[in-house]
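> Following the hints, complete the assembly by docking chain B onto the known chain A.
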Amino acid sequence: NAGVTQTPKFQVLKTGQSMTLQCAQDMNHNSMYWYRQDPGMGLRLIYYSASEGTTDKGEVPNGYNVSRLNKREFSLRLESAAPSQTSVYFCASSPADRAHTEAFFGQGTRLTVV
Amino acid sequence: AQKITQTQPGMFVQEKEAVTLDCTYDTSDPSYGLFWYKQPSSGEMIFLIYQGSYDQQNATEGRYSLNFQKARKSANLVISASQLGDSAMYFCAMRERYNFNKFYFGSGTKLNVKP
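Chains A and B are the protein sequences, given in the same order.
Going by the working numbering, the first sequence opens with residue 1, and the numbers climb by one from there.
Going by the working numbering, the second sequence opens with residue 1, and the numbers climb by one from there.
Hint data in this document are derived by calculation from the structure and do not stem from the laboratory.
Backbone N, C-alpha and C fix where the C-beta goes; we use that ideal spot for every residue, glycine too.
Hints may be right or wrong, so weigh each one.
As the list claims (entries may be wrong) - Just so you have them, the derived chain A footprint on chain B, three or more residues with Cβ under 8 Å: (1) 18-24; (2) 40-50; (3) 69-78.
Said to hold, decoys possible - Sample of chain A residues at the chain B side, in silico, Cβ under 8 Å: (4) 43; (5) 45; (6) 64; (7) 83; (8) 90; (9) 108.
Stated by the list, open to error - Stretches of chain A that chain B covers, calculated by requiring three or more beta carbons in the stretch to come under 8 Å of a beta carbon on chain B: (10) 12-26; (11) 68-82.
The following block holds chain A by itself, in its conformation from the complex:
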């Protein structure tokens, strides 16, 4: 039972480098999310996708882009990494048709930008 799979688990980038965080879910969920977690700030929503082909900004979208490649996959791209983007990134998914179902999370990606 894979659930939500994120890659990579750890990454160190230099300022200005780009990278893509990959996320895939095998639960046939419509909704997918990218969060970042910083100490004392909880989880903040970067982008979400309600269904294949749609994406919307969350609280902190600046510096990020996303792609909902298909129903399974939702990637997060940092075009020009900055130290302020050092964080733990979580991908999550959930059925889109109900408000009463929990989100399922990946294991997280610990990103350090130096």
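Same frame as chain A, now just chain B:
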């Protein structure tokens, strides 16, 4: 305004005692869900318990229960008989019916269980 507020950045509890983690929320949607997650030091997010806004009874899952006070807009997590393995970050979250594509999370409470 914050959708979810957790006012206890850190808490200590003695092993085998009960502990309550506070959560208040803000919504005008009559239909919503409230969730608690546990994040141990290993980092994964573990779903613990769910409470629906129309549920008449407080949710329970094993040693976890949710003290739901709708009029006060609070959804406190109660952990009975604390164990060392309960030491973790705990997050409260909400999902609204009319905006069901978003989950709102609080800033979390770090619980330390003392032997």
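> Determine for every hint whether it applies to the structure shown.
The hints, checked one at a time:
Three residues within the 8 Å Cβ limit are the bar, and the region 18-24 of chain B against chain A gives 0, so the coverage statement is violated. With a cut-off of 8 Å between beta carbons, the region 40-50 of chain B has 5 residues touching chain A; three or more are needed, and the interface restraint holds. Residues of the region 69-78 of chain B lying with their CB closer than 8 Å to a CB of chain A number 0, which falls below the three-residue condition for coverage. A cut of 8 Å between beta carbons decides the hint on residue 43 of chain A: the least distance to chain B is about 4 Å, and the hint holds.
Taken as an interface hint, residue 45 of chain A checks out: its beta carbon lies about 7 Å from the nearest beta carbon of chain B, inside 8 Å. Contact between residue 64 of chain A and chain B, as hinted, is not supported at the beta carbon level, the nearest pair being about 16 Å apart and thus beyond 8 Å. A hinted interface residue such as residue 83 of chain A counts as satisfied when its beta carbon comes closer than 8 Å to some beta carbon of chain B; here the least separation is about 21 Å, so the hint is violated. Against a cut-off of 8 Å between C-beta atoms, the interface hint on residue 90 of chain A holds, since the closest Cβ of chain B lies about 7 Å away.
Checking residue 108 of chain A against chain B by beta carbon gives a least distance of about 5 Å; that is within 8 Å, so the hint holds. Counting residues of the region 12-26 of chain A whose CB lies closer than 8 Å to any CB of chain B gives 0, which falls below the minimum of 3, so the coverage claim is violated. Counting residues of the region 68-82 of chain A whose CB lies closer than 8 Å to any CB of chain B gives 0, which falls below the minimum of 3, so the coverage claim is violated.
Violated hints, listed in ascending order, are 1, 3, 6, 7, 10 and 11; each of the other numbered hints is respected by the structure.
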